[in-house]
Amino acid sequence: MSESESKGQRFVALCMLGMLLFNYPILALFNVSGTLFGVPVLYAYIFIAWAALIASMAFIAESGGRQ
Amino acid sequence: MLHETAIVLTAFVYLGVLFAIAYYADERADAGRSVIASPYIYSLSLAVYATAWTFYGSVGRAASDGVGFLPIYIGPTLMIALWWVVLRKILRISKQNRITSLADFIASRYGKSALLGGLVTVIAVIGILPYISLQLKAVSNSFTILVQYPEIVMPAKIGVLATRQDTALWVALILAAFTIAFGTRHLDAAEHHQGMVAAIAFESLVKLLAFLAVGVFVTFGIYDGFGDLFGRAAAVPKLRAMLTPLEGVAGGYANWAWLTILSMMAIMFLPRQFQVAVIENVDEKHLNKAIWLFPLYMLAINVFVLPIAFGGLLRFPDGSVDADTFVLTLPMAEKRELLALLVFIGGLSAATGMVIVETIALSTMVCNDLIMPVLLRLRRLRLNERRDLTGLLLGIRRGAIVLILLLGYLYYKLAGEAYALVSIGLISFAAVAQFAPAILGGIFWKGGTRAGALSGLLAGFAVWLYTLFLPALARSGWLPLGLLEHGPFGIELLKPLQLLGLAGLDQISHAMIWSMIANVGAYFAVSLSASPSAEEHRQASLFVDVFRHEAGGARFWRGTASVPDLYSLLARFLGTATADSAFGEYASAKGLGWPDERLVADAELVHYVEVQLAGAIGAASARVMVAAVAKEEALSIDEVREILDEASQVVVYSHKLEQKSRELEAATAELRGANERLTELDRLKDDFVSTVTHELRTPLTSIRAITEILLDDPDVEVEQRKKFLGIITKEAERLSRLINQVLDLAKIESGKADWVETRVDMKEVISDTLAAMDQLFREKNIQVEARLPEKVSTVTVDLDRMTQVMLNLLSNAVKFCDSANGRVEIALAEREGFLSVDVRDNGRGISPEDHETIFNKFHQVGDTLTDKPHGSGLGLHISRQIVEHFGGRMWVESSLGGGARFSFTLPTGAAT
Amino acid sequence: MSKKILIADDEPSIVAALEFLLQRNGYEVHIARDGEEALRLVESHNPDLVLLDVMMPIKSGYEVCMRMREREDWRHIKIIMLSAKGRDAEVAKGLSMGADIYVTKPFSTRELMAKIQALLSQGSEPESA
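Residue numbers (the numbering used here), protein chains in the order written: chain A, 5 to 71; chain B, -13 to 898; chain C, 6 to 134.
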């Protein structure tokens, strides 16, 4: 059980991080004019952060024993 | 030119393919080779979350407030991060209890309450109706627009259509037929709808491909990539503001946050999501893949939403085209018939997927948690006496499907035109979010009660009705608009959109705040104010501790039942074939055949039957039915507690026991220690006696032997006789010295020694001792070097004792010296507060492990010598005792082969 | 030819007494001051009997006794163990190590001589046989 518990804790931590990333005030930092590779900064930020979050979830989900 | 017939034909061909897939999957399942036993199919089926609302509505929302649509997908991503903790638990609970739906889950958790199950069903149906109507609206709108090709005309401008041309109604009816065909093939609702899941997974692929196709076409076909598209948008003043849409909007971030929370709830508690994620799950391990594949799906389907929205805004700058239709109208405007048709099919797949799963889930709830409990309680119907109820059950479900779709159509007719797609969907989201406190509280908190859950749901739902549903009706003209503008009876504080004066938030955030306060508040307050019943208590424990006691339901039953009764009960609801196979399975697990008279109707069998029944008619109804045939003795709350606490008490007892045994161990260890010390003392005493005896016997041996020789042999030569007499004298001296030392030691150790303390100059003591031993040094040819300072402080000691110490150390040094080139060094030095004396020899040294033991009584360092003239083994021991008596220390530094240095210190201050 | 006896003891007084006594009785006497020397002398002089003190430097009498009993060609050598320690456990230990007789110090010279003579006369028989 302990492995699945630590996995659960990692997921909870990741969820909290996600809530931080997709909320005021972090979100406000990117709510500015300007572009990144032609894409508005806010849009670029959200999609990059989102993708990173999913990658982390994949890493946690697939790592460790296939419980 | 797209002819209406061609469009309709394409749609039916698509539905035909869908049906073929479902049929194939069901056939495969019957053959035991499930196609849905794959984490990829599971992940794709979860994408039933993306409905026509996603397909058309996201672009609509993006066109009005940029990234504002994203929380609806980011929220679920965050929630899915918690799936490992939350969904895994719900899965485990549902599998163990053969949960058939969301309502069943809540009812089962709170004491198998039929009332609660019914309430959840009502809330779900009312809450989801707008959502179903949204799908109908989307399909009929997209159809209406597409048939106008190549013109682009909004459906609102077309006017009232004849019934034959009322697309939405036809769509509703066709989908109802379709859903019945898919969803009610099997009676056991807890069993998997394999065909449906396979079809849904396929639909998820179709809608994703269709949407990506439009996205790529708009971004790279019409425009020159993302940079070009956003660059052009930025050039339009009206659109530039949308690039940083969260700025300056009152409550912008708050709305964003509430929408995120709302979507987190929706992904868990929408009946169709519960259906695919929990009921249709075949293997818990599929979560590992779904946890990241499903969010990835959502990311993929959203990448092109903004480009399409901006593309549409740039293409139709006059606002004549509804942004909700950009996905379809952009390919149409560019004269891409096939792409437009693909989009229509994509939208159709998104809508049908949602409708099929949602209505199956809702019809199960309506049947098992709303209608059956009522029918079973109506004694007039004598349902209990009917031989076969399977047909009735299926009929109810099929009827429920038709009814739900027609209600959805009705809602569309009544209110559908007043709202954009997204707003309609969010109203449904807010409704199902009301389930969150009861479910999440229910699986993590044992204190939640039936009354608490009922109150919370009622309060939350009431606020939802007032703040979201009522305004929807008012805006559609079914209630006076004045209700919204001035509040009921003109009471401003009760305005549905600004309750208690809370303004500045959008409608959804506003409703969420108040409904959650009411819901969570009532749930906890009522739960805490009354104690739960026995049934609630045990269900709470089974749910919350699901990972602790596996399948423990049988423990709670006590009563009498008969096997034939239980069998006929199961047969009535599931049919004889299913009942036979269920009993056969149970019997074979017991090592028996079926039928077999030896099968006992014990608690386990009763529980087994109830669980089987629950899979068909829900937990609450199953409870009622089983209770009717099994004469159950009600367990009191205390008894249930007892059973539940048994486990925890065992833990407490074993904990106590452990502690006791630890204490006992400690006591034993202490005793053992004391015993060891006693044994050690005894052994030391024994050793002392033995050693003293040995030391006495050795000189005695020589003396006795020689006297006997002399006595027996008078002819011994004079020279030899003299030598013998010398030995006798020396050994006699040795004896008396030994006896003196033993007595001396006894005196010192018992504290009875006489200490004559005077101020003594250690320099003098050393010089005198050296002078006294001068003869010995000469005899042994030992070089002596004394390094004495000019003057040292005096110490307060017993002069004779200190002389004894010096004599001891020096004779030791002589004894251990190198026999050929003996050398002894004596050093006296004064340091801060004490004198130190070192006596160094150049003998073979003492190994480190002996540095302490040589100071023990009778320790024979002389073992390393061939000659031991003064080997009493007490000298060093007595010396150390003397030095320590005067507050000093004595120790040795040495290594084998490196000589030895004995040192001692004496304090120069006024000693004792 | 006189019998050879090895005295292994580190107490000079006792050695002096035993040496005198045995020489008077016509034995050829060799003296070792520690266990190692004792083994060396057994090798070089092949004595008929060894008077072995238990408490000796470097190698104890027990050890010497054990080493001697390990050698097949030394099996005939008689061993009398001498010790100031007379507890039963120590006597048993000495005998189990292969000593023929265990004598506690102080001893009667007459009895000791009688034991030596008895051992030596008995020991010569199997050798001649």
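Please note: incorrect hints may appear among the correct ones.
To give an idea of the interface, some chain C residues facing chain B are shown, with a C-beta separation under 7 Å as derived from the structure [to be verified]:
(1) 19
(2) 22
(3) 24
(4) 26
(5) 28
(6) 30
(7) 31
(8) 90
(9) 94
(10) 110
Honestly, the hints are just simulated from the structure, not real lab data. Bear in mind the structure is a predicted one, so any value in this text is a computation, not a measurement. The beta-carbon is built from N, C-alpha and C at its ideal position, and this holds for glycine as well.
List, from low to high, the hint numbers that the structure doesn't satisfy. Failing hints, ascending: 3, 5, 6, 7, 9.
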